[in-house]
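Q: One line per chain: the protein sequences are G and X, in this order.
Just so we're aligned, residue 1 is where the first sequence starts under our numbering, counting upward by one.
Just so we're aligned, residue 272 is where the second sequence starts under our numbering, counting upward by one.
In short, the hints are calculated from the structure, not lab data.
Values in this document were obtained by computation on a predicted structure and should not be read as measured data.
It cannot be assumed that every hint is accurate.
Said to hold, decoys possible - So, partial list: chain G residues that the calculated Cβ filter (under 10 Å) puts toward chain X: (1) S179; (2) L193; (3) L196; (4) P241; (5) D246; (6) A250.
Unchecked claim - Far from chain G, some chain X residues (derived; all Cβ distances over 10 Å): (7) R350; (8) K355; (9) I356; (10) Q363; (11) K378; (12) A421; (13) K425; (14) R427; (15) G428; (16) Y447.
Unchecked claim - Only pairs whose alpha carbons sit at most 35 Å apart, straight line, appear in this in silico DSBU-like list of lysine-lysine: (17) X:K302 / G:K203; (18) X:K306 / G:K93; (19) G:K127 / X:K391; (20) G:K270 / X:K378; (21) X:K306 / G:K131; (22) G:K159 / X:K333; (23) X:K425 / G:K189; (24) X:K344 / G:K166; (25) X:K344 / G:K159; (26) G:K166 / X:K460; (27) X:K362 / G:K189; (28) X:K409 / G:K203; (29) X:K460 / G:K189.
Using N, Cα and C, we set each Cβ at its ideal position, and we do this for glycine too.
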Amino acid sequence: MQRKLTLGLASGLLATLLAVSSSVSAQKSATDDIAKYREMIADGNPSELYEAAGEDLWKKPAGPKNATLEKCDLGLGAGVVKGAAAQLPRYFKDTNKVQDLESRLMTCMQVLQGRDPQEMVDAPFQKGPKKDMEAIVAYVVTASKGDKIKVSTNHPKEKEMYELGKRAFFFQGGPMDFSCASCHAENGKRIRLQDLPNLTEQKGAALGWGYWPAYRVSSGQFWTMQQRLNDCYRQQRFPFPIYGSDVTIALSMYMSKTANGGTVETPGLKR
Amino acid sequence: MKNTNIKKLLTIAGFIVAASLLQNVAEAQQKNDPKFNKMMTDSFRAEGIAGLDRIQQDETQKFCSDPVFANSKQGEKMREKIQKINMDSIKQPSDGKYIGDWKNGEKIAQSGRGATWTDKADTVIGGGCYNCHQIDPKEISYGNIGPSLAGYGKMRGYSQEVVTYTWNRINNSKAYNACSNMPRFAHFKLLNEKQIQDVMALLLDPASPVNQ
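Can you build the whole structure from these sequences, using the hints too?
A: This is the structure we're talking about:
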């Protein structure tokens with residue numbers, strides 16, 4: 001209750017801060033105000049609500065097989081959640097594929113619980129089975145908070161995925177000729193007042209990759225990396241990237257490998 | 272003494288040869304990769320107005336998706352060719368009018384809407400100009416991917432040369448810079464002729480707040 005009140009007050013303050021700053025200081029980045037907001041709720045990121053729900057879902061028997069996800073192997077062995085998100089995406093022998101957190105979780109849900117991954121792929125974000133996924137993702141990524149990003153490209157399939165991702169990053173299309181690189185390949189750039197990390201360099205990639213998934217203040221929602229990428233492509237005026245598709249995993253591989261050595265700050269808190 | 276100098280020179284020369292060889296490798300045009308193509312085809316689906324034709328690249332998009340080659344010495348000829356294709360596609364205004372209404376131009380410059388899969392076919396597409404440019408100095412929420420356009424006409428003057436250049440640049444920026452980050456507003460029918468005339472006025476009407 002008290003936490004909710006604090007969050008409400010902080011949100012109000014943020015709105016005021018943003019309003020004041022846009023009328024008073026001409027060229028101040030909104031980032032400073034977001035930073036203040038982050039400080040205010042440092043011990044109360046709304047992602048905690050998702051995380052708690054996710055932990056319950058992880059341990060609760062579900063699906064046709066009425067099983068939990070506690071034996072799910074995210075790359076560090078069956079059931080190991082601590083530190084798992086920091087080393088994803090990676091190659092998995094059982095599926096013979098490079099998988100990101102969400103595609104791997106779909107595999108676990110299918111194998112352990114007997115759930116149909118297509119239902120997850122087709123569900124809209126923030127609804128139905130995706131809601132469960134978002135909570136579980138919040139739980140898993142919180143367990144890597146503070147760890148170093150350490151993604152490997154030692155396996156040939158990992159290396160290949162990285163190269164495909166790099167190429168996809170620069171792939172222009174759509175009626176506005178945009179690629180990821182149109183906005184994210186130079187330092188110090190902004191869209192309106194929104195700072196854009198340069199994802200082609202370690203520092204910028206760590207700022208981007210390291211803070212997603214995140215709670216978005218503007219929408220009041222917890223966004224997974226898949227949703228983040230999906231909305232990037234929407235604004236690029238591309239067609240719809242299928243949930244868990246290879247292009248999304250390849251881009252994640254490119255960003256995370258570039259971010260290696262940076263710190264996992266997830267769940268982040270974003271505008 | 273002399274001997275060491277020669278040795279040094281040889282080492283340096285070796286480095287230069289090696290560096291230029293490396294550069295040659297880096298500057299070969301990106302090969303068509305069936306694996307990449309398959310990944311792209313399999314990873315997207317049509318949604319609303321955003322069809323799969325949007326990832327069928329034209330020559331300009333293909334060229335600019337390989338920035339290492341596009342910016343290299345070897346890419347120069349191709350750059351010129353791409354610019355010519357885009358220049359040739361530009362149409363001058365059918366009614367001979369270049370300058371419309373700057374107030375309407377400001378509205379177009381403010382709007383970043385349209386052409387996404389959450390938009391309808393009849394959603395009016397904005398110019399999204401402030402996303403990347405400073406324009407009217409009173410608007411403080413502007414991006415910096417493109418250059419500042421504050422004082423655009425006042426600084427350059429209002430000659431026919433400036434007017435035509437600006438018309439061309441808004442219609443198809445790739446006519447001057449093959450891989451400019453700016454969308455080709457007329458080429459992909461993002462803005463119609465009247466809208467472009469209005470945006471032109473925002474930059475080139477002496478009464479526009481941009482030129483105060």
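Q: Sort out which numbered hints this structure fails and list those numbers smallest first.
A: none
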